[in-house]
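Each chain is listed here by its residues.
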Amino acid sequence: MSVIKIKRFNPEKRKDSYFQEFNVDLKPGTTLLDALNEIKWEQDGSLTYRMSCRSAICGSCGVKANGHATLACQKQAENLLDKNDVITVEPLGNMPVIKDLVTDFKQFWEKVDQVKPFLKNEQAPPEKERNQSPEQFKLIDDSSTCIMCGACYSDCNVLEVDDKFLGPAALAKAQRFVGDSRDEDTLERVKELSEPGGIWDCTHCGECVERCPKPAQPFYRIKEIMTVALEKGVHNNNGARHALSFTKSIKNSGLLNENTLPVESMGFTNIKGLLELVPVGLRMLLKGKVPPIIHKPCDELNDVKRIFKELDQ
Amino acid sequence: MIKHDVVIVGSGLAGMRAALELCKDHDVAILSKVYPSRSHSGAAQGGIAAALGNSGDDSWQEHMFDTVKGGDYLGDQDAIEEYCKAAPRVIYELEHMGCIFSRTPEGKIAQRSFGGHSKPRACFAADRTGHSILHALHEQLLKNSKSIKIYSEWYMHSLISDGSRCAGVVVSDVRTGAMETMHAKAVIFCTGGYGRVFKITSNAFASTADGVIAAFNAGVPLEDPEFVQYHPSGLWRQGILFSEAARGEGGTLLNGDGKRFMETYAPTRMELAPRDIVSRAEQSEINEGRGIDGKDFVHLDLTHLGEAKIMERLPQIRQLGIDFIGVDCVKDLLPIQPTAHYSMGGIPTDINGQVILNHGDGKATPMEGYFAAGECACVSVHGANRLGTNSLLEAVVFGERAGRAALEYLKTAGFAPINESQEKTKVLNQVEEIYQSDGSESYNEVRTEMKETMTSLCGVYRNEENLKECISAVKDLQSRFKKGKVTDKGKLFNTELYEIMELGNMLKMAEIIATSALQRKESRGGHSRTDFPKRDDDNFLHHSLVYKNGEELEIKKRPVTITKYKPVERTY
Chain E
1 MSVIKIKRFN PEKRKDSYFQ EFNVDLKPGT TLLDALNEIK WEQDGSLTYR
51 MSCRSAICGS CGVKANGHAT LACQKQAENL LDKNDVITVE PLGNMPVIKD
101 LVTDFKQFWE KVDQVKPFLK NEQAPPEKER NQSPEQFKLI DDSSTCIMCG
151 ACYSDCNVLE VDDKFLGPAA LAKAQRFVGD SRDEDTLERV KELSEPGGIW
201 DCTHCGECVE RCPKPAQPFY RIKEIMTVAL EKGVHNNNGA RHALSFTKSI
251 KNSGLLNENT LPVESMGFTN IKGLLELVPV GLRMLLKGKV PPIIHKPCDE
301 LNDVKRIFKE LDQ
Chain F
1 MIKHDVVIVG SGLAGMRAAL ELCKDHDVAI LSKVYPSRSH SGAAQGGIAA
51 ALGNSGDDSW QEHMFDTVKG GDYLGDQDAI EEYCKAAPRV IYELEHMGCI
101 FSRTPEGKIA QRSFGGHSKP RACFAADRTG HSILHALHEQ LLKNSKSIKI
151 YSEWYMHSLI SDGSRCAGVV VSDVRTGAME TMHAKAVIFC TGGYGRVFKI
201 TSNAFASTAD GVIAAFNAGV PLEDPEFVQY HPSGLWRQGI LFSEAARGEG
251 GTLLNGDGKR FMETYAPTRM ELAPRDIVSR AEQSEINEGR GIDGKDFVHL
301 DLTHLGEAKI MERLPQIRQL GIDFIGVDCV KDLLPIQPTA HYSMGGIPTD
351 INGQVILNHG DGKATPMEGY FAAGECACVS VHGANRLGTN SLLEAVVFGE
401 RAGRAALEYL KTAGFAPINE SQEKTKVLNQ VEEIYQSDGS ESYNEVRTEM
451 KETMTSLCGV YRNEENLKEC ISAVKDLQSR FKKGKVTDKG KLFNTELYEI
501 MELGNMLKMA EIIATSALQR KESRGGHSRT DFPKRDDDNF LHHSLVYKNG
551 EELEIKKRPV TITKYKPVER TY
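These protein sequence lines map, in sequence, to chains E and F.
The opening position of the first sequence corresponds to residue 1 in this note's numbering, with each subsequent residue numbered one higher.
The opening position of the second sequence corresponds to residue 1 in this note's numbering, with each subsequent residue numbered one higher.
Please note that a few of the clues may not be correct.
What the hints assert, rightly or not - Result set (DSS-like, lysine-lysine): computed pairs, CA atoms no more than 27 Å apart in a straight line:
#, chain 1, residue 1, chain 2, residue 2
1, F, Lys146, E, Lys120
2, E, Lys13, F, Lys483
3, F, Lys199, F, Lys548
4, F, Lys3, F, Lys491
5, E, Lys106, F, Lys489
6, F, Lys108, E, Lys138
7, E, Lys106, F, Lys149
8, F, Lys3, F, Lys149
9, E, Lys120, F, Lys143
10, F, Lys143, E, Lys106
11, F, Lys149, F, Lys491
12, E, Lys120, E, Lys223
13, F, Lys146, E, Lys116
14, F, Lys566, F, Lys85
15, E, Lys164, E, Lys106
16, F, Lys146, E, Lys164
17, F, Lys363, F, Lys566
18, F, Lys489, E, Lys15
19, F, Lys451, E, Lys27
20, E, Lys5, F, Lys491
21, E, Lys223, F, Lys143
22, F, Lys491, E, Lys13
23, F, Lys491, F, Lys426
24, F, Lys485, E, Lys13
25, F, Lys475, F, Lys521
26, F, Lys491, E, Lys15
27, E, Lys27, F, Lys199
28, E, Lys191, E, Lys248
29, F, Lys451, F, Lys199
30, F, Lys485, E, Lys27
31, E, Lys64, F, Lys491
32, F, Lys143, E, Lys191
33, F, Lys426, F, Lys482
Don't read these hints as lab results, they were simulated from the structure.
Just need the whole structure built from these sequences, with the hints factored in.
And the structure:
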C-alpha cells in the first residue's frame with residue numbers, strides 16, 4: 001500500500017487547510033489521476049479536483065505533486081512515490097484555492113486576455129488560405145501546443161512575488177501571435193509586451209520549462225519575443241537596455257561591467273531612475289562592494305570575440 | 001432568473017462556431033461544464049476533411065461518395081452534399097481567423113490520407129488538429145467577449161419546453177451550487193457524445209449524455225443511438241486515442257503472429273479501411289486467439305516511419321505512448337484495442353440544425369427555438385459509421401448552420417413564457433432524491449458495472465441474447481442507482497453530485513443504445529450483429545427514432561434520404 005497525502009480545504013466545513021492521508025494500492029499503469037479517482041470513488045466522495053480528457057490535452061487536472069505542478073493524468077503514480085512510498089498532492093500555486101485541489105483561474109484568464117490573444121489582420125482575406133511556409137509554421141508550432149493547464153503559472157517564481165507579471169502562459173500565447181507570419185500587429189504587440197509586467201520581468205529561472213507538460217515551454221517563447229522586440233528596435237525600456245548593455249559589455253571585455261550596467265539599464269536621460277540608484281550605490285560603497293572603477297577585459301577576450309562573430313553570422 | 005437571447009449549451013467546436021454566427025446581433029450565453037478550451041473537441045488529433053485538392057486532385061463529389069459509402073448508405077445524402085460542398089469554405093474561414101495548420105512546401109494547408117477517404121483530404125495541425133481549431137475559436141470568443149458571456153463550469157440539468165417550443169434551460173453554477181433558470185428565445189445544444197457509457201473509451205470524463213438525455217426527457221426522440229463507433233486504435237486497457245493519422249502516415253497493424261491481418265479483411269484499403277471494418281477485424285483477431293500473446297490487444301507498428309517523420313507529424317502520439325504505457329513508438333510497437341469513440345446518433349435535426357420532433361406523414365415537425373449541432377446531433381451525415389476527420393468538419397459546418405438558423409428564428413421570436421419555480425422544483429426534487437436515498441449501494445460499483453456490461457454485451461459485436469441480457473442488467477443498475485451513497489452534501493464545487501447526475505443520464509442512455517441495437521436485426525456500419533451478419537436494405541434502410549413513452553421506449557422509423565448514390569454492397 002502506498003500513501004497519497006492530499007491537501008484538503010473546504011471552507012464550508014473548516015476555515016483552514018490540512019493534509020489527509022489515503023492508502024491506495026497502486027497497480028502498474030495507474031496514473032496520479034487514476035489514484036485520485038480511486039480515492040474519490042471508493043474512499044471519500046467529497047475529494048474535489050478537476051479532470052476531463054485524461055490524455056494530457058484538455059489541461060483540467062493540473063495539481064502539485066511533491067511540490068511541483070503537473071498534470072495528474074500524465075504522470076504514472078509509481079514514478080512519483082518518495083522513499084517512504086508517499087505522494088504529496090496539493091493545489092496549484094499562485095492562485096486562490098476554491099476547494100481541495102480546485103483553484104480559481106480568474107486572474108490566469110484575465111492575463112491571457114491582456115495579451116490580445118487573437119490574430120490581427122485587417123486585410124481582406126484571399127479566396128483560399130493565406131500562405132505560410134513550413135518554416136513560418138515552425139515559429140508558432142511549439143507555442144500553439146499550450147493547453148492552458150496553469151502548471152507554469154503555478155510554479156512561476158516571479159508571480160510568487162509580483163502578481164502584476166503576465167506570467168509564462170499568457171506570454172507563450174503572445175508569442176503564438178508575435179511569431180505568426182499572418183499577424184500584422186507585431187510591433188504594437190512587442191511594444192506592449194515590453195512594458196512592466198511583460199517579457200523583461202521574467203527572471204529566466206526556467207521553472208516553467210520544467211513544468212510545462214507540452215512543447216510550449218514558455219521561457220523559450222519569452223526569449224523569442226525578446227529577440228523580436230530588440231530586432232524591431234523596441235529599446236526604450238529598462239529590460240531592453242539591460243540586455244543591450246549586458247551584451248555590449250561582454251562583447252567588448254568578456255566580463256560584465258557592473259558599474260555601467262545599472263546606469264545604462266536605467267537610461268542616461270532617466271534622471272528619476274538614476275537618482276533611485278544613488279542610495280544603493282552609497283550602501284555598496286559603505287560595505288566595500290563597489291566594483292573596480294577601471295574595468296579590465298578578461299584574458300580570453302579573443303575567444304569571446306570569436307564567439308560573438310560566429311553568433312553575428 | 002438569467003435572461004439571454006440565445007443560450008448555447010456546450011462550448012466545443014460546434015458551440016463556439018454557433019456563438020460566432022450570433023454574437024454580432026444578439027446577446028449570447030455559452031455554457032460549459034468545463035472551461036471552453038477544455039472541451040473534448042480538443043482531443044481530436046488527425047485532421048478535418050475538405051476537398052481542397054492541396055495534395056492532388058479532389059472534389060466535393062468524391063468526398064460525398066466516400067462519406068455515403070463509409071456510412072454504409074444510412075446517411076442522408078441531401079445533408080451530406082451540403083456538408084461536403086461547404087467544407088473548403090469553412091476550412092479557409094478557420095485559417096483566416098488564425099487557426100494553425102501544418103503546411104505543404106508551397107505554404108498551402110497540408111493534407112494527408114485517412115481511413116475510408118479515397119483521396120488525401122485530411123487538413124491537419126500535426127496530430128492536434130482539434131486542439132488547434134478549438135483554440136482558434138476560443139480566441140475568437142475572447143475577441144467577441146462583449147456580446148458573448150461565457151458560463152464556465154455550469155451544469156445543464158434540463159431543457160424547458162411545453163413540448164413544441166423551447167424556452168430555456170435549468171442550470172447550476174458548479175462553483176456555488178446555485179441553481180438558476182436561463183430564459184432564452186433560442187437554445188442550441190452542442191453537448192457532445194456519450195462514450196463514457198462504455199468501459200473502454202477514448203472519451204473524456206465529461207462525455208456523459210447530459211445533453212441528449214435532457215432532450216429525450218423533454219420529448220425529443222433520439223435518432224440512431226445503436227450506431228456507436230469503435231475506434232481501432234485505443235491504448236490497451238486505457239482506451240485513450242492514438243490517432244488514425246498514425247495509419248494515415250503509414251503505420252501498420254500486426255496480430256500475435258506478426259501478420260498484417262488487414263490483408264484478410266480489406267485487401268485494397270488495408271489499415272486505411274473505415275474504422276468499423278478495422279475495429280471488427282481487430283476484435284475478430286482477438287476473439288480467435290490471435291491477439292498479442294493471446295491477449296485482448298494487437299500491435300500498431302510505426303517503427304518504420306523513422307523518428308524525424310514521427311516528430312514532425314505525430315509528436316503527441318509518441319509522447320502519449322511514453323507517458324501512459326512506457327512505449328516509445330519510434331522503437332517499439334504500441335498495444336491497441338478498439339475503443340468506444342463516437343456517437344453517430346443523437347438529437348434529430350434537419351440540415352439547418354433545427355431539432356425535429358417527428359416526421360409523421362412525410363412532414364417534419366420542429367421543436368421551435370431549439371437547435372442542435374455537433375456530436376450530440378444526428379443530421380445524419382455519418383449514417384451508420386463516421387469517417388475519420390468528418391467529425392470536426394461536422395461540428396464546424398453544422399455549428400455555423402445552427403447558429404444561422406437561430407439567427408433567422410430570432411428575427412421574429414420572443415421569449416416563451418416559463419414557470420420558473422415549477423422547472424426548478426423538478427430538478428431540485430431530483431437532487432433531493434439523491435440526497436435522501438438509503439445509501440445501500442455504491443455509485444462507483446453501479447458505474448463500473450454499467451461500463452463493463454456495455455463493453456462486453458453491446459460492443460463491437462452484438463447478438464440478441466447478449467443485448468437482452470444487457471438491457472436487463474442496465475435496468476437492474478437503474479434501480480440500484482436509486483439507492484446510492486452520497487458523501488458530499490455541500491453546495492461548493494460538489495463534483496460528486498454532478499458525477500451522480502451524469503451517471504443517471506448514462507444509465508438511461510445505455511438502455512436506449514442497447515434497446516435500439518436489439519431491434520435493428522441487421523449489420524450495418526458500426527452496428528454489427530453476429531446473428532444477422534448481413535446488411536438488410538429491405539427491412540432496415542431507415543433511421544431509428546427512440547421516443548420516451550412513460551418509462552418505456554418506443555421506436556419509430558424515418559426513411560433515409562437518397563439522392564445521388566443508390567445503396568450497393570460496401571467493400572474495400
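Against the structure, the hints:
The hinted pair formed by F/Lys146 and E/Lys120 meets the criterion: a straight-line CA distance of about 18 Å does not exceed 27 Å. Annotation: proposed proximity of E/Lys13 to F/Lys483 holds, straight-line Cα distance about 26 Å (limit 27 Å). Restraint check: the Cα-Cα separation between F/Lys199 and F/Lys548 comes to about 26 Å, which is no more than 27 Å; the hinted pair holds. For a cut-off of 27 Å, the pair hint linking F/Lys3 to F/Lys491 stands: about 23 Å separates their Cα positions.
This hinted pair checks out: E/Lys106 and F/Lys489 have alpha carbons roughly 26 Å apart, not beyond 27 Å. The straight-line distance between the Cα atoms of F/Lys108 and E/Lys138 is roughly 14 Å, inside the 27 Å bound, and the hint therefore holds. Between E/Lys106 and F/Lys149 the alpha-carbon distance is near 15 Å, which keeps this suggested pair within the 27 Å criterion. Restraint check for F/Lys3 and F/Lys149: the C-alpha separation of about 11 Å stays at or below 27 Å, so the hint holds.
Our distance criterion of 27 Å between C-alpha atoms is met by E/Lys120 and F/Lys143, whose separation comes to about 10 Å. Taken as a hint, the F/Lys143 and E/Lys106 pair is honoured in the structure, with Cα atoms around 17 Å apart against an allowance of 27 Å. At most 27 Å may separate the alpha-carbon atoms for a hinted pair to count; F/Lys149 and F/Lys491 meet this at roughly 23 Å. The hinted pair formed by E/Lys120 and E/Lys223 meets the criterion: a straight-line CA distance of about 22 Å does not exceed 27 Å.
Restraint check for F/Lys146 and E/Lys116: the C-alpha separation of about 14 Å stays at or below 27 Å, so the hint holds. Between F/Lys566 and F/Lys85 the alpha-carbon distance is near 20 Å, which keeps this suggested pair within the 27 Å criterion. For the hint pairing E/Lys164 with E/Lys106, the CA-to-CA distance comes to about 14 Å; that is within 27 Å, so the pair holds. At most 27 Å may separate the alpha-carbon atoms for a hinted pair to count; F/Lys146 and E/Lys164 meet this at roughly 24 Å.
A threshold of 27 Å between alpha carbons decides the hint, and for F/Lys363 with F/Lys566 the separation of about 23 Å falls inside it, so the pair holds. For the given pair, F/Lys489 sits about 18 Å from E/Lys15 by alpha-carbon distance, which is consistent with the 27 Å threshold. For the given pair, F/Lys451 sits about 20 Å from E/Lys27 by alpha-carbon distance, which is consistent with the 27 Å threshold. Note on E/Lys5 and F/Lys491: the hinted pairing holds, with a Cα-Cα distance of about 25 Å set against a maximum of 27 Å.
With a CA separation close to 26 Å, the supplied pair E/Lys223 and F/Lys143 stays within the 27 Å bound. Under the criterion of a C-alpha separation no larger than 27 Å, the hint pairing F/Lys491 with E/Lys13 is consistent with the structure, at around 11 Å. For the suggested pair F/Lys491 and F/Lys426, the alpha carbons sit about 18 Å apart, so the restraint of at most 27 Å is met. Pair hint F/Lys485 plus E/Lys13 holds up; C-alpha atoms about 20 Å apart against a cutoff of 27 Å.
Simply put, F/Lys475 and F/Lys521 have alpha-carbon atoms about 22 Å apart, close enough for the 27 Å limit, and the pair holds. Restraint check: the Cα-Cα separation between F/Lys491 and E/Lys15 comes to about 16 Å, which is no more than 27 Å; the hinted pair holds. The straight-line distance between the Cα atoms of E/Lys27 and F/Lys199 is roughly 18 Å, inside the 27 Å bound, and the hint therefore holds. A threshold of 27 Å between alpha carbons decides the hint, and for E/Lys191 with E/Lys248 the separation of about 22 Å falls inside it, so the pair holds.
Taking the CA atoms of F/Lys451 and F/Lys199, the gap is near 4 Å; set against the 27 Å cutoff, the hint holds. Pair hint F/Lys485 plus E/Lys27 holds up; C-alpha atoms about 26 Å apart against a cutoff of 27 Å. Between the alpha carbons of E/Lys64 and F/Lys491 the distance comes to roughly 25 Å, so the proposed pair stays at or under 27 Å and holds. Our distance criterion of 27 Å between C-alpha atoms is met by F/Lys143 and E/Lys191, whose separation comes to about 20 Å.
For the hint pairing F/Lys426 with F/Lys482, the CA-to-CA distance comes to about 16 Å; that is within 27 Å, so the pair holds.
Figure legend: structure checked against the earlier numbered hints; every hint is met.
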